[in-house]
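Chains A and B, in that order, give the protein sequences.
Per the working numbering, the first sequence runs over residues 1 to 122.
Per the working numbering, the second sequence runs over residues 1 to 118.
These aren't lab readings, by the way, just hints derived from the structure by calculation.
None of these values were measured; they are calculated from a predicted model.
Every residue, glycine too, gets a C-beta built ideally from N, C-alpha and C.
Incorrect hints may appear among the rest.
Here are a few chain B residues that face chain A, going by a calculated C-beta distance under 7 Å [stated by the list, open to error]:
hint: 1; residue: Val43
hint: 2; residue: Pro45
hint: 3; residue: Gly46
hint: 4; residue: Tyr50
hint: 5; residue: Arg62
hint: 6; residue: Gly66
hint: 7; residue: Gly73
hint: 8; residue: Ile97
hint: 9; residue: Arg98
hint: 10; residue: Gly100
hint: 11; residue: Ala101
hint: 12; residue: Val102
hint: 13; residue: Ser110
hint: 14; residue: Ile111
hint: 15; residue: Glu112
Which chain B residues stay away from chain A? Per the calculated CB distances, all over 12 Å, these [said to hold, decoys possible]:
hint: 16; residue: Ser35
hint: 17; residue: Gln42
hint: 18; residue: Gly84
hint: 19; residue: Pro115
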Amino acid sequence: MKYMALIYGNRDRFEQLSPEEREAMYDRYRKFGEEATRAGVAVGGAELGPTRDATTVRIRDGETLVTDGPYAEIKEALGGFYLLECPSLEDALDWAAKIPGAHHGAVEVRALHVEDEGSEAA
Amino acid sequence: MKYAFLIYDDPSGWENLPPEEAQKFRAEEMPRWESAMGELAQVDPGFSGYELESRSRAKVVRVRDGERLVTDGPFAETKEIIGGFFVAEVPDLDEAIRLGAVIPSAEGGSIEIRPVVG
Chain A
1 MKYMALIYGN RDRFEQLSPE EREAMYDRYR KFGEEATRAG VAVGGAELGP
51 TRDATTVRIR DGETLVTDGP YAEIKEALGG FYLLECPSLE DALDWAAKIP
101 GAHHGAVEVR ALHVEDEGSE AA
Chain B
1 MKYAFLIYDD PSGWENLPPE EAQKFRAEEM PRWESAMGEL AQVDPGFSGY
51 ELESRSRAKV VRVRDGERLV TDGPFAETKE IIGGFFVAEV PDLDEAIRLG
101 AVIPSAEGGS IEIRPVVG
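Excised from the complex, chain B in its bound form (with noise of 0.2 Å):
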């Protein structure tokens, strides 16, 4: 079964560091998602992963009557946002709960798994 493993967090404790301090975070916390990546490939070797950009860049899209309306995003006014997700083949979801465990995030965030249709 494929699942997406959806990232809720709250950005704001980083968001707004200037550019080293920014670096310096994600260069601390890399380790703890590489191992993450790591689990996940031992699980599916073609997984895949998307890192988002900050929610300042986000833009939301609706066409209504034909015509297109476009807001500063993101979509949810929640705390935690979409910060990413992981989509991989896992054999069963108590599979996927724990790797959802894994990923740092589930850590002081959310992790949502759900099932991939198509």
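Chain A with its partners taken away, still in its complex shape (with noise of 0.2 Å):
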């Protein structure tokens, strides 16, 4: 089972951090990374740069709507993501507990649609 863990932080205060800081949380990003792909559970993962730099686009009658910044200005924005691969939502939610950014912003943890088996679409 695939799930995606969405991983919420404030970019801030990340910002804020002196080099060295960074550095250690970057570095604890790697022992994870290191750890869950040795597992064989992380199968796949991105950083996303800030929310600065992000474009959003809405089509509203026939019309498309592009606008600089986020979908929403939150602060604590989406920053990443790891997929998953784990026996159960359990130890999912167990692997999301050891992503750094669970330790000052939150993960959110969503199981990947797959379709039904054998289902046919009609």
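Reassemble the complex: the two chains are provided individually, in unrelated frames, and hints are given to aid placement.
Printed below as a string of structure tokens:
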């Protein structure tokens, strides 16, 4: 079963860290990534750039509207994700708790959608 | 440049449908998604896409003072939530915007385009 671990955190706080603190944070992520990859649990992941570099696209009444900035200005924004391969939600939650972001921000765990076995589109 | 296309949509219209109706809804929506994925594949054949299960089963994990706290999710209490996303290697932001507008949820929902840095 695949689970998506969406990492929400306060980017401002991250950017206020000293270079050493930031390096220590990356180091914790590297350690998590290595451990989870070795265990066959982390099968994907990415770090997203800051929300100030976001662009949002909407179509309303047939017109494409492009705005600078994220979908919503929230203090804790999505900063990245890991794709976890785990036998159960409980295991996915255990791994999610090891993600450094869980210790100052929050990690949302969502199952990936899978089509029902044997089901066919009507 | 690699971009993530975060798909925000209001799932209230379909998340509580009975299974057969939900499946019919999906079948009706699917051609538009397939066409969007076709466009993405033309730009980046190696693009990836993830569809997330409904928010009712989302959990949020926090660790505070060494203690694991799990709450029912999703994290953001907004009407529109992330239902999935694509990650694709795209030449520039203009092309990313063009592709973002092709994703069906741009109509009615929102597509947030974010550079991937690592």
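Could you tell me which of the numbered hints above are not met by this structure, giving the numbers in increasing order?
Structure breaks hints 1, 2, 3, 6, 9, 12, 18, 19.
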